[in-house]
Structure formats: C-alpha cells, structure tokens
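> Protein chains in written order, with our numbering: chain R, 5 to 380; chain W, 20 to 356.
Take these hints with a grain of salt, some might be off.
Here are the computed lysine-lysine pairs in the BS3-like style, where the Cα-Cα straight-line distance is at most 30 Å [said to hold, decoys possible]:
| # | chain 1 | residue 1 | chain 2 | residue 2 |
| --- | --- | --- | --- | --- |
| 1 | W | K304 | W | K331 |
| 2 | W | K178 | R | K112 |
| 3 | W | K231 | W | K331 |
| 4 | W | K231 | W | K178 |
| 5 | W | K304 | W | K207 |
| 6 | R | K275 | W | K178 |
| 7 | R | K19 | W | K207 |
| 8 | W | K155 | R | K112 |
| 9 | W | K178 | R | K19 |
Source of the hints: derived by calculation from the structure; they are not laboratory data.
A quick note: this is a predicted structure, and the numbers were derived from the prediction, not measured.
The primary structure of each chain is shown beneath.
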Amino acid sequence: MSGFGHRLQASMSLKQILQDRRLAEPLLREIEKTAAEISRTVRIMEVCGTHTVAIRRSGIHSLLPENVLLISGPGCPVCVTPTSYIDNALQLLETTDTTVASFGDMLKVPGSDGRNLAGYMGGGRVRIVYSPAELLPIAESSSGSVVFLAIGFETTIPTVAAAFLQARRAGLSNLYLYTAFKTVPPALRALLSSPDRQLDGFLLPGHVSVIIGEQPYRFLEEPGGVAGVIAGFEPLDLLQGILAVLRQIARGEQRVENAYTRAVRAQGNPKAREIMSQVLEPADALWRGFGKIQASGLVLKGDYQEADAALHFCLPPLYNLEPPGCACAQVLQGRLPPTECPLFGSSCTPEAPIGPCMVSSEGTCAASFRYGGAVL
Amino acid sequence: MSTSDRITLEHGSGGALSRQLTEELIYPILKNEAYGELSDATAFEIQGRVFITTDTYVVDPPFFPGGDIGTLGVFGTCNDLAVCGARPRYLTMGLVLEEGFPTSDLKRVLESVRRAADRSRVQVITGDTKVVPSGKGGGIFMNTTGVGEALGNHLLSAKNIKSGDKVLISGPIGSHGLAILAAREGLKIAACLSSDCAALFPLCSALYSLGKDLRFMRDATRGGAAAVLNEAVGGNCECGLEILETAFPVPTAVAAASDLLGLNPMEIANEGVFIAMVAPAAADKAISLLRSFDTGREACQIGAVDSRYPGKVILETAVGGRRILDLPRGLLLPRIC
Numbered sequence: 005m006s007g008f009g010h011r012l013q014a015s016m017s018l019k020q021i022l023q024d025r026r027l028a029e030p031l032l033r034e035i036e037k038t039a040a041e042i043s044r045t046v047r048i049m050e051v052c053g054t055h056t057v058a059i060r061r062s063g064i065h066s067l068l069p070e071n072v073l074l075i076s077g078p079g080c081p082v083c084v085t086p087t088s089y090i091d092n093a094l095q096l097l098e099t100t101d102t103t104v105a106s107f108g109d110m111l112k113v114p115g116s117d118g119r120n121l122a123g124y125m126g127g128g129r130v131r132i133v134y135s136p137a138e139l140l141p142i143a144e145s146s147s148g149s150v151v152f153l154a155i156g157f158e159t160t161i162p163t164v165a166a167a168f169l170q171a172r173r174a175g176l177s178n179l180y181l182y183t184a185f186k187t188v189p190p191a192l193r194a195l196l197s198s199p200d201r202q203l204d205g206f207l208l209p210g211h212v213s214v215i216i217g218e219q220p221y222r223f224l225e226e227p228g229g230v231a232g233v234i235a236g237f238e239p240l241d242l243l244q245g246i247l248a249v250l251r252q253i254a255r256g257e258q259r260v261e262n263a264y265t266r267a268v269r270a271q272g273n274p275k276a277r278e279i280m281s282q283v284l285e286p287a288d289a290l291w292r293g294f295g296k297i298q299a300s301g302l303v304l305k306g307d308y309q310e311a312d313a314a315l316h317f318c319l320p321p322l323y324n325l326e327p328p329g330c331a332c333a334q335v336l337q338g339r340l341p342p343t344e345c346p347l348f349g350s351s352c353t354p355e356a357p358i359g360p361c362m363v364s365s366e367g368t369c370a371a372s373f374r375y376g377g378a379v380l
Numbered sequence: 020m021s022t023s024d025r026i027t028l029e030h031g032s033g034g035a036l037s038r039q040l041t042e043e044l045i046y047p048i049l050k051n052e053a054y055g056e057l058s059d060a061t062a063f064e065i066q067g068r069v070f071i072t073t074d075t076y077v078v079d080p081p082f083f084p085g086g087d088i089g090t091l092g093v094f095g096t097c098n099d100l101a102v103c104g105a106r107p108r109y110l111t112m113g114l115v116l117e118e119g120f121p122t123s124d125l126k127r128v129l130e131s132v133r134r135a136a137d138r139s140r141v142q143v144i145t146g147d148t149k150v151v152p153s154g155k156g157g158g159i160f161m162n163t164t165g166v167g168e169a170l171g172n173h174l175l176s177a178k179n180i181k182s183g184d185k186v187l188i189s190g191p192i193g194s195h196g197l198a199i200l201a202a203r204e205g206l207k208i209a210a211c212l213s214s215d216c217a218a219l220f221p222l223c224s225a226l227y228s229l230g231k232d233l234r235f236m237r238d239a240t241r242g243g244a245a246a247v248l249n250e251a252v253g254g255n256c257e258c259g260l261e262i263l264e265t266a267f268p269v270p271t272a273v274a275a276a277s278d279l280l281g282l283n284p285m286e287i288a289n290e291g292v293f294i295a296m297v298a299p300a301a302a303d304k305a306i307s308l309l310r311s312f313d314t315g316r317e318a319c320q321i322g323a324v325d326s327r328y329p330g331k332v333i334l335e336t337a338v339g340g341r342r343i344l345d346l347p348r349g350l351l352l353p354r355i356c
C-alpha cells in the first residue's frame with residue numbers, strides 16, 4: 005500500500021485527484037491532531053470570494069474540528085464596492101448618453117434607492133462583458149462614450165489595463181474607466197490593525213497571488229502579524245492550506261507560505277504587474293464595510309487620466325451608507341456570520357438581494373444561503 | 020415543392036400559401052391513420068384514465084448535435100407523460116415560424132418529428148402554424164401537447180416517498196445543456212458533446228411494473244438533477260434526501276467542460292435522464308431493469324430518502340464534506356429546450 009493507502013487510477017483527472025476523499029483523510033487527521041494541540045478556538049479568514057465559494061461548495065466546513073472556524077473576508081470585488089458607486093453609475097445613465105459596460109454581477113446590486121443597473125438592460129445602453137477583451141469591439145461600435153465599471157482585484161486589473169491600452173493603441177478615445185479597483189494587501193493590513201481583531205491566520209488568495217507573488221504579504225511576518233498561507237481552490241488545496249496555517253499557529257510562527265506552488269511563483273507575474281503600472285497608480289480607496297484604506301486602490305495615471313470617468317463626467321465622490329438593517333459591513337470584516345444578519349434569508353435573498361454580499365455569486369451571504377452552514 | 024425557399028408572412032396568413040404549406044409540406048410528413056384528414060379538430064379514442072401535458076420548445080439553435088427542436092418537441096412531451104406512468108398516444112403540434120426561416124430547415128424539423136413520433140409510437144393528430152415578422156421570433160418555436168393513457172391505477176407522486184427509499188438516476192448527466200451551449204456559443208471544449216435527447220417511455224414502463232414499490236419519477240430537464248431532487252422533497256416536508264456527489268454518472272467531457280465554465284453538472288438540463296425513487300427492497304431490481312435498456316445502461320443509485328433532513332437535499336461532496344444542494348438560482352442557460 006502506498007502512503008495514501010490506495011492507488012490513484014491513471015484515468016483520474018487532476019480535478020478528481022484533488023477532491024479524492026482517500027487523499028483528504030490523512031490531511032484531515034493531521035488537521036484534527038494539530039487543532040487538538042492548539043486547544044483553543046482558531047479563526048482563519050479566507051480572503052478571497054472564490055475561496056469562500058469553493059469551501060462552501062465542497063463542504064469543507066463540515067469536515068473541520070469544532071475549534072477551527074473559517075471566516076469569509078472582503079475578497080469579493082462587488083461586495084466591497086460602495087453603494088454610492090452604483091448611484092453614480094445610474095446617474096451616468098440618466099444624465100448622459102454614455103453606454104455603461106460592466107461585469108454581470110454588478111448589475112443586480114441595488115443603489116441607495118433600491119434601483120439597479122439591470123433595470124436599464126434591454127435598451128442597449130448597459131452592456132454585460134464577460135472579459136475585458138470585449139471592451140474593444142464595444143467601444144469601436146459605439147458612436148458615443150463607453151464607461152466600463154472597472155472593479156476587481158489584482159486578478160482582474162491586468163486584463164482591464166491590457167484591454168484599455170489596446171483600445172488606446174487602436175485610437176479609441178471613447179472608452180472611459182470608472183475605477184474602483186482594489187488591492188488585497190492593504191485590506192489585510194486594515195484587518196490586522198483593527199483593535200478588536202479576532203484573527204489567527206489568513207488563507208491568502210491564490211489567483212491574486214499568481215499576479216503579486218509572495219513579497220507584498222511579507223508584513224504579515226512582522227510583529228502583530230499572523231500566519232498567511234497562499235492556497236489553491238480544490239478541496240485538497242484548501243485542506244493543505246488550512247493545515248499549513250494550523251501548523252504555524254501550533255508552532256507560534258507567522259510566515260508567508262505558498263501552498264499553491266503549481267500556480268503561484270514567489271515573484272508572481274512581473275509582466276502583468278508591468279501592464280498595471282503602465283496605466284495605473286495607487287490611490288486611497290473607499291471600501292464598503294471598511295471605509296477609506298490608504299493606497300488600497302488603483303486609478304488611471306498621467307495622460308490616461310483623460311479617460312477617468314469620475315473626472316471626465318465630474319461624478320460625485322464616493323461615500324458609504326448601508327441600507328437599513330443590512331449587516332454587509334460587519335460580514336465583510338468577518339465580524340458577523342451571514343446568518344446573524346436580521347435580513348438574511350428573509351427580506352434579503354439571491355433573487356431579491358439588499359446587500360452586495362447576497363448579490364455576487366462570490367458573496368459570503370449568497371454562498372451561505374446556497375450551500376448552508378457547517379453543521380448538517 | 021412549390022412553396023418558396025423561405026417562410027414568408029403569407030405562409031401564416033390563412034390564405035393560399037398557408038394552405039399550400041400545410042398540404043404540401045407539413046401534412047405529407049406527419050400524416051398517419053389517426054390524422055386521416057385536415058379538419059379543424061381530430062377525434063380519437065382512448066381508454067381509462069387519461070394524462071395530458073403541454074410543453075413549448077424555444078431551443079436556440081434549433082439544430083444541435085444529437086437532435087433538433089423536432090426531436091425535443093416529441094421526446095420532451097412524451098417523457099413528461101412517461102414519468103407520470105402514462106403511455107404516450109397522441110400529440111398536437113403548434114409551430115411559430117419567423118419570417119425568413121428556411122423551408123428546408125422546416126422540412127428537416129418535421130422529418131425529425133415524424134421519426135421521433137414513430138419511435139415513441141405516438142401520432143401527431145392536429146396542428147397549427149403561425150408566422151411572425153422577421154426579428155420578432157427565434158426562427159422556430161414549437162408547442163406540443165401530449166395525451167397518454169395510464170399504465171395502471173397506481174399514481175406516482177413525491178408524496179409516496181418514505182424514509183429509507185432509494186434514489187436512482189437513469190443515465191449520465193449534463194450532455195444536453197452543454198451540447199446546446201457549445202453549439203450556440205461555438206465552444207470548442209464541448210464540441211464533442213451531443214444531446215442525450217431520448218424517449219424514456221420504455222424505461223419508465225419497465226419501472227412501473229414494480230407496482231407500489233415505484234414511488235415517483237421525474238425527468239431531469241431544466242435545472243437538472245438538482246432541481247428535480249429539490250422539487251421532490253419541497254412538497255414533502257417529512258422527508259429529505261441524502262445524495263452522493265460521486266455517485267452521479269458524469270461523462271468526462273461534461274466534467275471537463277463544466278469545470279471550465281464554472282457550471283455544476285447536477286444543475287445542467289438533460290433530455291434523456293430521469294430520477295426515480297423506489298422502495299429499498301426494489302432498488303436492485305429497478306437498476307437492473309433500467310440497465311437492460313441502452314439509454315439506461317449507466318443507471319445507478321445516487322442516494323436515499325432520509326427523515327433527518329425534512330425538505331432538504333443534503334449532498335455529500337467528493338471530498339466527503341456535506342452541504343445543501345439547493346435549487347439552481349439565477350439565470351442559468353436560457354433557451355435550452
């Protein structure tokens with residue numbers, strides 16, 4: 005018998021292998037052993053929305069010891085975008101003749117008066133894009149201006165930057181970006197500096213790390229930091245990441261560790277970062293649930309500012325104002341489980357969402373609603 | 020054929036061209052002994068308890084690997100009768116054609132209807148054709164209403180299920196939805212897939228021979244297996260289901276394509292797969308009955324009815340975790356059938 009107690013079949017795909025319960029068992033035994041050694045409640049935040057969904061979808065919660073809690077963090081770009089951003093996008097549609105292009109998830113997010121961008125679908129002025137590459141043909145075929153609702157983390161930002169550059173090279177000056185880009189490391193800093201934080205470690209986002217590498221997380225190793233493990237998205241990736249965090253906690257360590265080496269290189273993807281920095285520069289950004297975080301956003305720089313929709317259309321500054329009763333702000337900081345929000349599942353559902361965490365398929369509330377809690 | 024190459028508004032006007040379309044194209048392909056003449060209504064005889072169902076087909080594109088809107092229009096409606104324990108006998112067919120639709124394509128669809136009807140041993144006994152202006156329709160839409168006769172007195176219903184009953188699936192999931200998506204969006208990753216569109220009556224009728232041990236059957240069309248499983252316990256608050264993710268037969272191409280597209284095979288539409296719930300003692304027999312048919316050769320048990328989770332479908336995932344398998348939400352794949 006092999007170390008795993010069974011043989012893998014040659015016909016199994018990587019995907020199948022990475023969710024094989026016979027391979028998961030030894031990891032789970034180690035997780036249990038390590039959690040028992042720690043002998044207190046451990047809170048691990050998965051920062052990334054894709055992690056949240058992957059964890060819920062595979063039922064990882066239900067396999068963990070009672071003293072290991074997974075908390076969802078602010079890693080869903082739609083969820084951390086302030087309501088006033090939607091208000092401004094609606095204002096663009098109402099006061100100008102511009103076309104608004106957006107990722108689909110944004111369209112259902114209610115603005116402060118409950119209206120959303122989806123209400124304008126069908127008139128040809130709101131365009132859903134699945135990939136930023138579609139912006140070029142949209143701008144080409146539009147006689148007027150096109151504003152892209154540019155949200156996302158380091159995973160998405162390079163592709164938007166590349167599409168934007170391509171449009172400029174093609175001589176298209178009618179494509180504007182309404183940037184609400186966010187970067188992950190400053191949000192982690194903000195979470196760590198919170199006075200009443202209850203956090204023992206981070207599962208660091210795999211896709212974001214493909215771009216930024218390990219270096220930007222190094223501050224986690226300084227005093228006041230926590231364990232940080234870059235993890236992938238298949239069940240065994242997640243278990244391996246969780247085990248690595250627990251081991252660090254058990255040994256009293258706080259290191260940046262890469263448990264997703266098949267995709268993430270230590271130096272990340274310099275080429276993608278180069279494209280980003282060609283077009284964008286850091287700026288303070290307003291996060292829903294957190295408020296303003298220094299240098300946590302990216303905006304168009306230099307000559308490219310003429311394509312900044314906020315400047316060109318004189319859009320009002322963003323502010324945070326939550327719908328009455330909506331606890332998204334606390335949910336995003338991992339302070340409140342979705343099920344404890346008074347609106348969860350009653351007046352706020354995926355069909356009729358009030359807060360963004362219920363809108364986006366990667367939102368913590370939507371994932372919780374769909375896949376249920378840990379104990380079944 | 021003297022009708023023009025493409026459908027025109029005049030073909031739906033009720034005038035000469037309408038008549039020509041019906042008499043020279045549609046009727047010659049579909050006519051049968053029960054549809055002996057073109058009149059406003061057709062009389063037929065049927066014995067005992069009668070089942071009736073209707074379904075409308077808007078699939079885009081109308082031709083796809085493994086079938087077309089005509090095949091779907093016959094098998095889909097007949098399958099709805101079959102899973103209720105009825106033998107499909109007669110169909111009506113309403114067509115909504117878009118101006119400009121190629122007449123040769125219409126002929127192809129009608130020939131598919133005829134072939135599928137012959138295979139299902141049903142007869143099309145009345146129909147109607149309307150034409151809408153170019154841009155106001157999707158090429159071709161079809162409605163079929165099916166009439167069937169009860170196979171026996173035992174009424175199948177989710178209300179019959181009891182804790183301990185076994186949940187079976189008749190075949191591999193996900194091919195239809197992905198084949199349509201691939202055909203529509205030109206997805207190369209799923210280009211090798213073809214729709215599982217098939218007549219389920221022979222399989223359903225074999226299971227019906229189990230008598231009261233057969234509790235309930237439903238074809239897993241829109242919303243896939245996830246929707247059927249949830250609907251089954253939605254109206255039965257005393258029981259829930261425990262389902263094993265790894266038990267589902269999922270073709271390799273479906274698994275690979277749905278992984279890339281972020282879809283869950285359990286939520287993808289099928290056109291030749293149904294779920295059956297049977298008494299525990301009858302499960303093995305039911306599976307061997309299903310496997311005696313080509314369409315059912317991969318039939319297997321996917322879970323059991325469980326009174327611990329009233330109204331819920333609990334999924335044991337591949338890695339061994341447990342979570343709720345919810346009704347599919349949001350816009351999945353429009354115009355899939």
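> So which of those numbered hints doesn't the model satisfy?
Hints 2, 5, 6 and 9 are the ones this structure does not satisfy, whereas the remaining hints hold.
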